[in-house]
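For reference, the chains in residue letters:
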Amino acid sequence: MRITLLIALLILVAPAYAQIDNLDALLRSVEEQQQEQRQLNQQREREFLADKQRQQQLLIEARRDFERQQQENQPLLQVTEANAREIERLEQELASVVEDMGDISSGFREFAGDFSAVLQESMLTAQLPARSAQLRELADATTQVTIEEIQSLWLLVQEEMTKAGKVTRFPAEIVETSGATVPAEVLRVGVFTAWAGGLFLRYVPETGELLALSQQPPARYRTAAADFGKQTTPQMMAIDPTRGSLLGVMTYTPDLRDRIEQGGTIGLIIIGLGVFGALLTLWRLAALTLLTRKIRKQLDNIDTPVADNPLGRVLMSVSEVADQEEELLQLKLDEAVLAEMPAIERGNGLIKLFAAISPLLGLLGTVTGMILTFQAISLFGTGDPKLMAGGISQALMTTVFGLVVAIPLLFGHSVVAYLSRGMIQRLDEQCAGVLARHAEQQDG
Amino acid sequence: MNQVYQITDFMAQGGEVLWLLFATCLLLWFLILERAIFLRFVWPRRAEKVVSAWQARIDRDSWRARRIREALVSENSMALHAGIPLIKVLVVLCPLLGLLGTVVGMVGVFEVIAVSGNDDAQAMASGIYRATIPTMAGLVVALTGIYFTVRLRQLADRAASKLQGRLVLEVAA
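Sequence order for the protein chains is V and W.
Residues in the first sequence are numbered from 1 upward in steps of one, following UniProt numbering.
Residues in the second sequence are numbered from 1 upward in steps of one, following UniProt numbering.
Each statement offered as a hint is correct.
Cβ pair distances, simulated, as ranges:
(1) V:Leu360 x W:Ala82: 30 to 38 Å
(2) W:Asp61 x V:Asp303: 23 to 31 Å
(3) W:Tyr5 x V:Gly208: 35 to 43 Å
(4) W:Val150 x V:Leu360: 25 to 33 Å
(5) V:Asp227 x W:Ala82: 42 to 50 Å
(6) V:Thr289 x W:Val140: 30 to 38 Å
(7) W:Asp61 x V:Ala356: 41 to 49 Å
(8) V:Ala356 x W:Phe22: 22 to 30 Å
(9) W:Val150 x V:Ala356: 21 to 29 Å
(10) W:Phe22 x V:Glu159: 41 to 49 Å
(11) W:Ala82 x V:Phe374: 47 to 55 Å
Stretch by stretch, here's where chain W covers chain V in the computed footprint (C-beta under 8 Å, at least three residues):
(12) 393-401
(13) 405-413
No lab work stands behind these hints, which were simulated from the structure alone.
Since we're looking at a predicted model, the values are computed, not measured.
Note that beta-carbon positions come from the ideal geometry of N, C-alpha and C, so glycine has one too.
Construct the entire structure; sequences and hints are all you get.
Here you go:
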């Protein structure tokens with residue numbers, strides 16, 4: 001490598017050595033060249049300097065330009081910053097609006113859900129069944145709420161409110177107690193009570209059906225319901241302010257058969273006694289009425305005593321005795337009357353006994369019922385009153401039966417005793433008088 | 001109209017037994033009035049008639065006359081006392097009916113307890129009304145009637161003995 005460089009240098013230097021004749025010429029030429037070189041350098045230096053000055057100038061200009069631009073930039077920068085701040089603010093606002101919208105939306109859905117439950121419970125739904133589906137749609141949607149949705153919910157609420165305050169008739173399907181579904185014209189009073197043809201209906205929210213109650217309220221309420229709207233005068237109206245719960249509870253009220261069952265064995269005994277006592281009383285009443293009539297007939301013709309009545313028998317017993325034998329006559333009369341007494345008073349004691357026994361049996365039933373109740377308490381404690389109810393209802397029902405039997409029997413006994421005592425008194429005190437009067441009439 | 005509603009409300013609160021009590025009360029007062037009118041207006045004339053008929057008799061001392069007098073007194077005494085045992089029994093029945101109403105009301109109360117537990121005083125209220133009102137009504141009716149039973153019996157007894165005193169037994173002149 002180094003050899004190649006050396007060779008190349010030698011080749012370059014060789015011609016110079018060839019041209020130069022002498023050293024002076026060389027010197028001159030060197031000086032000339034130096035001169036030339038210097039001039040050239042000076043010129044270049046000048047050019048550079050000039051160039052430098054121009055650059056300097058340009059720099060100043062550029063600086064000035066920059067400063068001017070900078071000054072021009074200043075307001076724009078402020079605008080930019082202001083815009084940035086504005087953007088930030090707007091973004092925050094947007095975020096909060098979106099949040100609010102979310103709140104409104106969830107609030108709306110929640111309300112729609114709550115109201116859906118209210119609507120489901122409302123009797124109006126039986127009249128307007130399409131509403132609940134519409135409302136469920138509103139409640140179940142997951143998108144942001146729209147103005148239309150809000151308006152439709154508003155409309156539903158308003159509708160519920162307005163129509164709940166009205167008394168209307170509308171055709172609907174009702175479920176009868178037999179389970180058959182029949183079309184009927186239903187009269188609705190607010191959201192409280194509904195009737196169809198005087199029958200109270202109960203709205204069942206689960207199925208949305210109107211159910212005819214198996215246990216209807218007292219007849220006067222039903223006739224009032226059937227007559228409703230037919231008269232112009234103010235009239236009685238019965239509504240269930242609990243929206244059907246009271247009517248629902250009423251179906252639990254036991255009927256007569258349930259009540260008899262509640263009374264238990266003692267209840268049955270009391271009822272048996274009561275029936276027997278009532279029959280006995282009726283028999284005695286009929287018998288005594290018949291006897292009274294026969295005696296009256298006998299009084300009209302004393303001459304011919306008939307054996308089918310007490311008076312006739314008494315008269316027959318003294319028919320052979322002569323009028324003048326006063327003492328014998330009196331004796332015979334007393335005897336005959338005494339003989340009649342048991343037949344006339346028959347059954348009185350038994351009726352009285354029944355009237356006295358039935359409240360005692362009722363008391364017995366009460367005590368056994370209380371024993372059952374206390375057994376229930378000792379087993380289950382007093383926590384659940386329903387467990388005690390069986391014993392208590394037996395206790396009360398037997399008392400009721402006892403009184404229900406005793407009161408008419410007491411009354412019946414009083415009537416029977418009154419009639420029979422009157423009859424005996426008549427025979428005892430008036431028979432002789434009748435005879436005497438008759439004898440006087442015959443004597444003239 | 002308002003009073004009618006008040007009465008029907010009262011009756012509805014007291015239950016069916018109250019109607020029974022009402023009927024008993026009406027019957028009781030009908031009987032009491034009937035007795036009062038009989039004793040006040042009908043009886044004096046009738047007594048006069050009986051006495052004058054007795055006075056018109058010639059024979060007022062024989063066995064026959066005695067028997068006839070006895071029969072007359074007995075007949076009229078019965079007429080005087082007619083209905084008084086019924087009044088008495090009705091007065092006795094009134095508190096019993098009240099008691100019946102009370103027990104029926106208690107049945108209602110316990111039914112409410114059986115259905116809804118014992119924490120709902122409002123639901124029990126109708127049963128409690130039914131338990132208290134008939135007792136009160138029964139006692140009121142009995143108390144108003146009890147005086148008249150005693151008084152009417154007293155009046156009838158007195159009238160009967162007075163009649164007996166006026167039917168004098170004497171030897172015909």
